[in-house]
Amino acid sequence: MKFSITREVFLKNLGYTQSVVEKKSSIAILSNVRMEAKDNKLITTATDNDIAVQGSADAFVETAGMTTVNAHKLYEIVRKLPEGVMVNAELTETKDRLAVSAGKARFSLACLDASAFPDFTSITDKKSFTLTGEELKRLLVKAQFAASQEDTRQYLNGVYMHSAEGKEGKALRVVATDGHRLASVEQPLPEGAEDMPGVIIPRKTVGELKKLSEEAKKIKVTVTDRKIQFQTPELTITSKVIDGPFPDYQRVIPKDNGIEMDVPRLPFLQAVDRVAVLSHEKSRSVKFSLKSNQLTISANNPDQENASEEMRVAYENNDIDLGFNARYVSEIGGLIEGEDMQFFLKDGMSPVVLKDPKDVDALFVLMPMRI
Numbered sequence: 188m189k190f191s192i193t194r195e196v197f198l199k200n201l202g203y204t205q206s207v208v209e210k211k212s213s214i215a216i217l218s219n220v221r222m223e224a225k226d227n228k229l230i231t232t233a234t235d236n237d238i239a240v241q242g243s244a245d246a247f248v249e250t251a252g253m254t255t256v257n258a259h260k261l262y263e264i265v266r267k268l269p270e271g272v273m274v275n276a277e278l279t280e281t282k283d284r285l286a287v288s289a290g291k292a293r294f295s296l297a298c299l300d301a302s303a304f305p306d307f308t309s310i311t312d313k314k315s316f317t318l319t320g321e322e323l324k325r326l327l328v329k330a331q332f333a334a335s336q337e338d339t340r341q342y343l344n345g346v347y348m349h350s351a352e353g354k355e356g357k358a359l360r361v362v363a364t365d366g367h368r369l370a371s372v373e374q375p376l377p378e379g380a381e382d383m384p385g386v387i388i389p390r391k392t393v394g395e396l397k398k399l400s401e402e403a404k405k406i407k408v409t410v411t412d413r414k415i416q417f418q419t420p421e422l423t424i425t426s427k428v429i430d431g432p433f434p435d436y437q438r439v440i441p442k443d444n445g446i447e448m449d450v451p452r453l454p455f456l457q458a459v460d461r462v463a464v465l466s467h468e469k470s471r472s473v474k475f476s477l478k479s480n481q482l483t484i485s486a487n488n489p490d491q492e493n494a495s496e497e498m499r500v501a502y503e504n505n506d507i508d509l510g511f512n513a514r515y516v517s518e519i520g521g522l523i524e525g526e527d528m529q530f531f532l533k534d535g536m537s538p539v540v541l542k543d544p545k546d547v548d549a550l551f552v553l554m555p556m557r558i
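Under my numbering, the first residue of the sequence shown carries the number 188, and numbering increases by one thereafter.
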């Protein structure tokens, strides 16, 4: 194997793939990136056995071939090379070393046989549809924050993508919850997604997809009950999905929260942020006291410190007191695009629905705290 590639193209390619590699893996081959040079293309693949990222880049290929080298070492070498240089790589005759050169710099990297590299990028029995990068980013960003991070219930450690009955026909919906909050985001169902199986996409995969969605215009999505794949001309991300059924989230979404409070989003979030400085360090709880057209946000802590702030809101109903985790409120507020946030309440103890007037196909549910 022998090829040449510009430093910037190589760095971008390796940047995609090496990000999924665990820095310390008990399986040596999983610390490596597989490189295949053929047809004036360099195809790099990295995996942690749950997610695989494969990148394709233009290169001048003198001799076709394949090998694997340590992903992080190769990435750091290329990253630290001067801008604009041509990077040359050649596999030695013994096939146990990759010689890399650029300008007057020379490197010799240990190789492992590519035949031992796991490959689960192929998918059979598939359903495919297409999303724009903006569509995928919206679905993932607005749902991911609600997914659990450390739950022993694995099915909560990701986002649930599925077809569902929306307000105006079939929809592609993404839902996440950790038991304290829930996010549901949808859009019209793309052509080809009608009979897709519902799948739970792991948090790590979602993180990689957010990077992909920021650069890609069109993304082909392929789904089976065991894997999901996202493909652009330059990049393919294939991931196992989390086994097990997602909870019946519809039961968590209140249907009879008829009391509405509208708040100006930015002033409200700033007030919550200020008051939360003196909230309990562990619970981060803040109290909302609602009266006619007035909201008082307050907090206190074990040091007998306290804070409060009043603001005018659109609210005409009975007095209600509620408690919330300030961070959860701020996270939801950061995802709302409109100038106002809408709260739909039942009482001081029941789950609250939050909506965005500018994005009617997204909703959030927040469990109140005891105060």
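Since the hints were derived computationally from the structure, they do not count as laboratory data.
Remember, it's a predicted structure, so these values are computed and weren't measured experimentally.
Please note: incorrect hints may appear among the correct ones.
To be verified - Estimated spans, in silico, between C-beta atoms of each pair:
id, residue 1, residue 2, range
1, Glu421, Gln491, 55 to 63 Å
2, Glu503, Arg266, 38 to 46 Å
3, Lys404, Gly366, 21 to 29 Å
4, Asp245, Asp382, 31 to 39 Å
Unchecked claim - Listed below are the simulated DSSO-like cross-link pairs for lysine-lysine, each with C-alpha atoms no more than 30 Å apart in a straight line:
id, residue 1, residue 2
5, Lys189, Lys267
6, Lys267, Lys291
7, Lys260, Lys398
Glycine included, every Cβ here is placed at the ideal spot set by N, Cα and C.
Hint by hint, here is what the structure shows:
1. Here the CB-CB span from Glu421 to Gln491 is close to 58 Å, well matched to the stated 55 to 63 Å.
2. Checked against the hint of 38 to 46 Å, the pair Glu503 and Arg266 fails, with Cβ atoms roughly 59 Å apart.
3. Separation of Lys404 from Gly366 is about 37 Å and departs from the stated range, judged on CB atoms against 21 to 29 Å.
4. For Asp245 and Asp382, the hinted distance range of 31 to 39 Å is satisfied, since their beta carbons lie about 37 Å from each other.
5. Restraint check for Lys189 and Lys267: satisfied, since their Cα atoms lie roughly 21 Å apart, inside the 30 Å limit.
6. Of the supplied pair hints, the one linking Lys267 and Lys291 holds, its CA atoms being roughly 13 Å apart against a limit of 30 Å.
7. A hinted pair counts as satisfied when its Cα atoms are at most 30 Å apart, and Lys260 with Lys398 qualifies at roughly 22 Å.
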